[in-house]
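Using the sequences plus the hints, can you model the full thing?
For the protein sequence lines, the chains are E and H, in the order given.
Just add 168 to the spot in the first sequence (first one is 1) and you have the working numbering.
Just add 765 to the spot in the second sequence (first one is 1) and you have the working numbering.
Read the hints as simulated data drawn from the structure, not as lab findings.
The structure presented is a predicted model; accordingly, all values stated were derived computationally and were not measured.
Errors might be hidden in some of the hints.
[Said to hold, decoys possible] Below 20 Å or equal to it, Euclidean Cα-Cα: the simulated EDC-like pairs (lysine to aspartate or glutamate) are: (1) K996(H) / D188(E); (2) K189(E) / E1046(H); (3) K1067(H) / D188(E).
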Amino acid sequence: MTELNAMETIVQDIIAALKDKPGALLPILHAVQDKLGYVPSESVPAIAKALNLSRAEVHGVISFYHYFRDTAPGKQTIHLCRAESCQAMGGKKLEVHVKSTLGIDYHETTADGKFSLEPVYCLGNCACSPAMQIGHEIYGRVSADNFESIITQAEDIA
Amino acid sequence: MSIAIYVPCDSTAVSIGADRVAKAIYQEAQKRNITIQLIRNGSRGLYWLEPMVEVLTDAGRKAYGPVQVSDVASLFDADFVNGGEHPLYLGLTEEIEYLKKQQRLTFARIGITDPISLEDYISHEGYQGLSNALKLSQADIVKAVTDSGLRGRGGAAFPTGIKWNTVLNTPSEQKYIICNADEGDSGTFSDRMVMESDPFVLIEGMTIAGIAVGATQGYIYLRVEYPHAHKALNTAIEKAYAAGYLGDNIKGSGKSFNLEVRLGAGAYVCGEETSLMESLEGKRGLVRFKPPLPAISGLFGKPTVVNNVISLASVPIILDKGGDYYRDFGMGRSRGTLPLQLAGNLKHTGLVEVAFGMTLRELLYDFGGGSATGRPIKAVQVGGPLGSYLPESQFDTPLDYEAFATNWTVLGHGGVVAFDDTANMAELARYNMEFCAAESCGKCTPCRIGSTRGYEVMDEIIAGHALDKNIPLLRDLCNTLLNGSLCALGGMTPYPVLSALNHFPKDFGVDDQANRAI
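So, in structure tokens, the structure goes:
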């Protein structure tokens, strides 16, 4: 119960700070996800009420955008680029390797809770493909050979 | 006296180790008691040479690259701080062929300055465009942009001046400037480079746009995948406010312009201007019907200029040097320069800003150096995931909006992704349909359902099932998408799919003859 209260306090603070911006919903959802790692379904009624929207409308926005998630992610989220430039440099092979190394598919989290895997369509790192992003860090020229050492380092940062 | 050493802070340079190199140089200099001034500049865009370290010498800036942490000690041994010889020495930066052959107008400062230093920006001709604009009438600013021949660099190539003129002449208490920074096309990164490496030029361009049309509020709609750009923009905006270049009464002119960065949330379709405005209003990014045009009824129903990053970042130099100066570059109706982005399977990937008119072949081989793998280049996708694949027979097409259109190809935002002969074009066509299905906003039926049926049919074709029925079915479906979709996402997904089928039928299991008959 205390955890839920803490979450409610965080969400209320965010709402109070941002609700008067024009088009405040996305900034609020971003702030909630930045703080909590996801947008808990328990936070939807409060956000809807503050913006004079229905819960369905808020849910509709959360589900429209790939970036917003309504379940807690692993400690680190790996965004692996699937787009053309990365494919031209072996991205598909890397994709198979990443999935088998982590033992998960896209939109899943490893059993130990360390990593979530999400596809992304371009990180703007196309001059050094294939690319992936972990947290705010972007990695270029990722290969089956260096993937493991990158995620090991990322684990240390977490 | 300290020695100025430059290590890029650009996210691609960082993605391959620039931060670690910067740290190693700093530590090694301390160890050797050499006083250096470490400057994190933007990237010159010579990405195959990144991390590229530069040293300021009496002769100019000298470059070394690509530098890894393990090279740092040997660079100091070779006295690189005074421009010493080393296996990684590249010569004077400005003399590197790749850079020397370019005509950098929009990218004039990029890689040279410290991106978030306002002093650096001003000392490199920054804010001269705004200073001129403040002396002109609103109509004359718009006229300068119209005279320059600048066309929207986001992909649609609509004349920027005409768009601005419509907003200027639509009376309203509130108008908006939106910068479309949702650069989602694979193979493109010029917007990212501008925002990370020269954020003030975008701020200045938007400020001029605001003054020109009478808009006092601007938004940069930035994709969430660009955290480095987000940070650079926010820092630069803060500095611009503090120095009186944003806010009320800009530099004592009595004009006001406020600017805020808003983050997208991973939806490709929000790069479409009406979907973007829905998103800014806090809604699902559903595409709107046009008309009304955003210039008449846009964000929150008010007249709105929506321009791409490169379009807006080209405005300061036009106001600084004049519309004629800019217009004198280019060919036909494509005036000025286009920052092209070389990506995918190329040896020399990077940013190439040149006047319109060079051929794709020159770009791929003279600049790009051929494929990275050393194998023949099979196909090149120009213009992002909604652009056609060009086979070798079309490589002599000049880089010009109209010349590309005659080939049923698009120049778009200038992204160039090369594939070698190991690429399977049927697999890529399947991916293009799958991408459309993943990113469709769902408002119109051809795109929402057609894209899913599209990759299902591609699965059948790849499995070799009933090709005599499935290939005509794919063509028919593409025809529906082309003609029946509400926006370019559904309307242009057939470009890559059909160009793959038309130019590479063997990958689809049919030969040329049969393909023509079907």
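Structure-inconsistent hints, enumerated in ascending order: When the structure is compared with the hints, only number 1 turns out to be violated.
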